[in-house]
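Colleague: Going by my numbering, 104 is the number at position 104 of the sequence shown; the sequence numbering is gapless.
Worth flagging that the hints you see were computed from the coordinates, not collected in a lab.
Just so we're clear, the structure is a prediction, and the values are computed from it rather than from any experiment.
Incorrect hints may have been included.
Each pair of labels, with its calculated beta carbon distance range [as the list claims (entries may be wrong)]:
#1 Val59 to Gly112: 36 to 42 Å
#2 Asp24 to Ala77: 33 to 39 Å
#3 Thr2 to Thr98: 20 to 26 Å
#4 Thr99 to Ser79: 32 to 38 Å
#5 Thr2 to Pro108: 19 to 25 Å
#6 Glu25 to Val97: 14 to 20 Å
#7 Cys15 to Gly107: 17 to 23 Å
#8 Glu25 to Val78: 41 to 47 Å
Just so you know, even glycine gets a beta-carbon here, dropped at the ideal spot from N, CA and C.
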Amino acid sequence: MTVWRVMYDDWAMECCGTPFSVGDEVVWDVARDTGGCPGGDDGTGVLRVATHGTGAPVVDRLAGRVRSIQVVTEGFAVSPEDGGYRRVPGERSLRQVTTCPKRFARGPAEGGRRSEETGVLVELDTSGG
1 MTVWRVMYDD WAMECCGTPF SVGDEVVWDV ARDTGGCPGG DDGTGVLRVA THGTGAPVVD
61 RLAGRVRSIQ VVTEGFAVSP EDGGYRRVPG ERSLRQVTTC PKRFARGPAE GGRRSEETGV
121 LVELDTSGG
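With the sequences and hints as input, model every part of the structure.
Modeller: The structure is reproduced here in structure tokens:
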């Protein structure tokens, strides 16, 4: 069995994605993730769905059956340099779901911090069996 971890970003799903469920067959263009994915501390071994504007070259077309879906929630804090929100390293959680949402939650800002659902981490079985 060959299983890939694939990150599907919130903005990509909200823009032009089609929600999917555990057990569905999907076909995605993917690129290697350069880090920042919740699949491992450094994103090692994670692919990212490559939609328009990702900046990453498409490395493969991946087809398979969805084994699991986890909504990724990350913490953000106001940056003292420019006042914009930046990811807080290590502040992530995963929540198991059976269907990928079309829209993702963004928590209210409180005390210079907020949490945000930034996409889904999907296990995709590409063994075809």
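Colleague: Now tell me, hint by hint, if it's right for this structure.
Modeller: Verification of the hints:
no.: 1; hint: Val59 to Gly112: 36 to 42 Å; in the structure: holds (38 Å)
no.: 2; hint: Asp24 to Ala77: 33 to 39 Å; in the structure: holds (36 Å)
no.: 3; hint: Thr2 to Thr98: 20 to 26 Å; in the structure: holds (22 Å)
no.: 4; hint: Thr99 to Ser79: 32 to 38 Å; in the structure: holds (34 Å)
no.: 5; hint: Thr2 to Pro108: 19 to 25 Å; in the structure: violated (41 Å)
no.: 6; hint: Glu25 to Val97: 14 to 20 Å; in the structure: holds (18 Å)
no.: 7; hint: Cys15 to Gly107: 17 to 23 Å; in the structure: holds (21 Å)
no.: 8; hint: Glu25 to Val78: 41 to 47 Å; in the structure: holds (42 Å)
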